[in-house]
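Based on these hints, arrange chain U on the given structure of chain S.
Below are the chains, spelled out letter by letter.
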Amino acid sequence: MTTMISMLFLQHYWWMIISLLAGLLVFLMFVQGGQTMIYSLPETDIKRRMIINALGRKWEFTFTTLVTFGGAFFASFPLFYASSFGGAYWVWIAILFSFIIQAVAYEFRSKPNNVFGQKTFDIFLFLNGSLGPFLIGVAVSTFFTGAMFRLNQMNQVQWATSWYGLEALLSLRNLSLGLAVLLLARINGLLYLINTLEDEALLARSFKSVIVNSIPFLVFFLFYVISLLVSDGFSVNPANGAVSMEEFKYLHNFLAMPVVLVLFLGGVVGVLYGIGISVLKKNIQGIWYSGAGTVLTVFSLFLIAGFNNTSFYPSVADLQSSLTIMNASSSHFTLKTMMFVSFIIPLVFAYIWFAWKAINNKPITEQEMTTDEHLY
Amino acid sequence: MIDNIDLSLVDWSRAQFALTAIYHWLFVPLTLGLSFILAIMESIYVRTGNEEWKRITRFWMTLFGINFAIGVATGIILEFEFGTNWSNYSWFVGDIFGAPLAVEGILAFFLESTFVAVMFFGWNKVNKKFHLISTWMVAVGANLSALWILVANAWMQHPVGMVFNPDTARNEMISFWAVLFNQVAVDKFLHTIFSSFLLASMFVLSISAWYLIRRREVKLAKMSILVAGVFGLLASLAAAYSGDESARTIAKVQPVKFASMEALYEGKTNAGLIAFGVLKNSDRKIGDKNEKEFAIKIEIPGLLSVLTAGDKDAYVPGIKDHLYGNQQMGIVSTAEKMENGKHARDVLMSYKKAKLENDTAQISSIKGIFNAKDYNEKYFRYFGYASVNKPEEVVPDVSGAFYSFHLMVMLGFLFILIFAVALFLLHQGTLTEKRWFLWAAFLAIPLPYIASELGWILTEVGRQPWIIQDMMTVSKAVSQIKAGTVITTFILFAILFTGLLISEVSIMVKQIKTGPKH
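Protein sequences, first through last, are from chains S and U.
Letter 221 of the first sequence, counting from 1, is numbered 221 in the numbering used here, and no numbers are missing.
Just remember that the numbering used here sits 376 ahead of the position in the second sequence, which is counted from 1.
Chain S on its own, in the form it takes in the complex (with noise of 0.2 Å):
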């Protein structure tokens, strides 16, 4: 039975676990992006004590995330692995950085005779914080408005610029994806810290902080929504896999994957429900929403990334180097296997979650800063 499994149906599912596993990490940065806000929304030491704890007690599922979302990219889609990261170096070496420095400083920040001192690890929390959120951003960007690659007859891949990715913040499109999912993770921490923690003052101050970070996310975001809409798309023709440009191909894509769009519409509806009931109601359960609607509104921009004969990594140095999901993909037989492995997502997400609630049982109080033996 499982040869009958055909190739684009194998393409198809890689590219939707794919662009769960990008959902999930952009929902999980609720952690890089309360990082940035270790400065500006505690005002005492121990407040922000309290801050980091919370957020630390999350920070390895943000960077698993990462590393799944790494290894299954490059398990399914290696010809993006081996372009993408090998060409925009600069890009991708920057947000490794971040999170190498992010790992550490949670364990190291507050441990005596760390050399370097509290103040210099709560900065790695704050690049982190900033950085990483931002260039994963417009890294994704690319996804709709191109890089520049070319791909020889053994497709092996050259950089057309010597700036090997960091040419793309040079686009105005890329830098309000970036900007936009930034706000979206601060927004999204405040959220989950308004879950997590016991304190009239931090929530009142975090109640405030959404409404300031969600003003600017909307302005960028529907900038980025609206200019991909109305941009021309990177089609392909399924017949030969040549690539050409099509007006309006993300509008198409929309129409023609009605589900799709109405997942777009829900996660849309459900980050703006997850704000409003915490700005309106001062409801603390915003974070599900929001969280949802993250998975989902990613999740959706991803599918017409790469579904409806799109290409998801288009070239523009060069149109017939894009990647598809076809011309990019593992062979039927590895992602075959890998879909049986697959199966067990939901096991894994049974247990983080039955984890996450035996942790989070009870909200984060400025006592349990002082008692607790294990602390960041």
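Certain hints may be false.
Claimed, not checked - BS3-like, lysine-lysine: derived pairs with alpha carbons at most 25 Å apart:
1) S/Lys-357 / U/Lys-810
2) S/Lys-362 / U/Lys-598
3) S/Lys-47 / U/Lys-501
4) S/Lys-362 / U/Lys-749
5) U/Lys-661 / S/Lys-357
6) S/Lys-362 / U/Lys-501
If you're looking for bench data, these hints aren't it; they were derived computationally from the structure.
Chain U alone, transformed into the frame defined by chain S:
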């Protein structure tokens, strides 16, 4: 093909990967081993209800946490460096190599990262049994992640379970089980985890010995030595056994690496095992490099033949057999492999040309060649040799391979002795009086780290010039970026990793001096 590859780019890319791997491996073995030691200690606590075991577990858990974070941080770089610095390789083998990395993420990392949060923060939030299960899950998750990355690395040493697809110009997996149960993968996984258990046991033993020297935390130290001594002795014996198995497999699948490990230039029957040796340059040359010969050696006659083939009269091929061929023993010369590899490359290029010109007759004809058994066994298996310029290039650094192997083995036997003596003295009740031993055990703390790093140096340097044995050289695998770019990131990584290492050691020392909470 991309030709005119900048050699400094290859060297710096290798240096950056080596730097990351060496730093990463300073932290990972402790995580692999200490996670099981914690699980054992906590199991004793849950079973006996003795609060002292809980205190001991929490103390070692603090040190585990400090080490864990930096291991994770350096690990993410390794995964992505396959793409950033070895993009041609990533495409060529992504179909096979990517799969274990993805499985690692889905099956192992989530298990580890989910339950590590419960392990650290759950003492007062979840019940005893759930906490204990979480600690075991961390150990299982950490070691499972080691399995998958080692499967990937083993495939680079001995590629199996794949076919070459000329249309995509890459290897594609045809048997997941062949990749998973690759003999090199089995050996490598067992040897790596046993040596990591050993390293963690020595870590616990050494620090406990320091407490006994200072006459502090005597109860904690003795109880810790009991667990670490038993675990360490079993692990060091298992590491010796799995290491021996691993060497046998290397002799079969990477014979030039094996001959280099033994500095064996001329093949022979009744070959002796070098128990100890010091190399010097000889007057003889291979290419433009001097051969090595022994200035001093202690040799056990016939043992190398016995260990590799179970018979002292068995012929053990030397480096020159593989370089120049040995018809009598059926060994093909490197020059012939180069010719055959070039033929395989020419066939591929003809196929690419035919595809470009849409010459269907030619495409069909060449496809037939690709599927022929004779072509694959005689020519394509040497595809990588098309990139070799001179036969001598396939010989790795003999001194590096010899010393890293022999020093690792000598240290391995020393560890067995240390654990055995520790347990004996503990059993006799004289451990605290034998200060010479306590000092020796304390000072031994860096030795398993050295042995462990030497193991990786042997594995990776011994495989040169290949990134995938016989199939792809490192120079063909590298990303086409400017060498200056890689030099810059190398320097940045070196500064960052060194700074973090200094910080980690400083924190660790302070925590050890402070001791457990009372």
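Worksheet item: Which numbered hints turn out to be false for this structure?
Response: 1, 2, 4, 5
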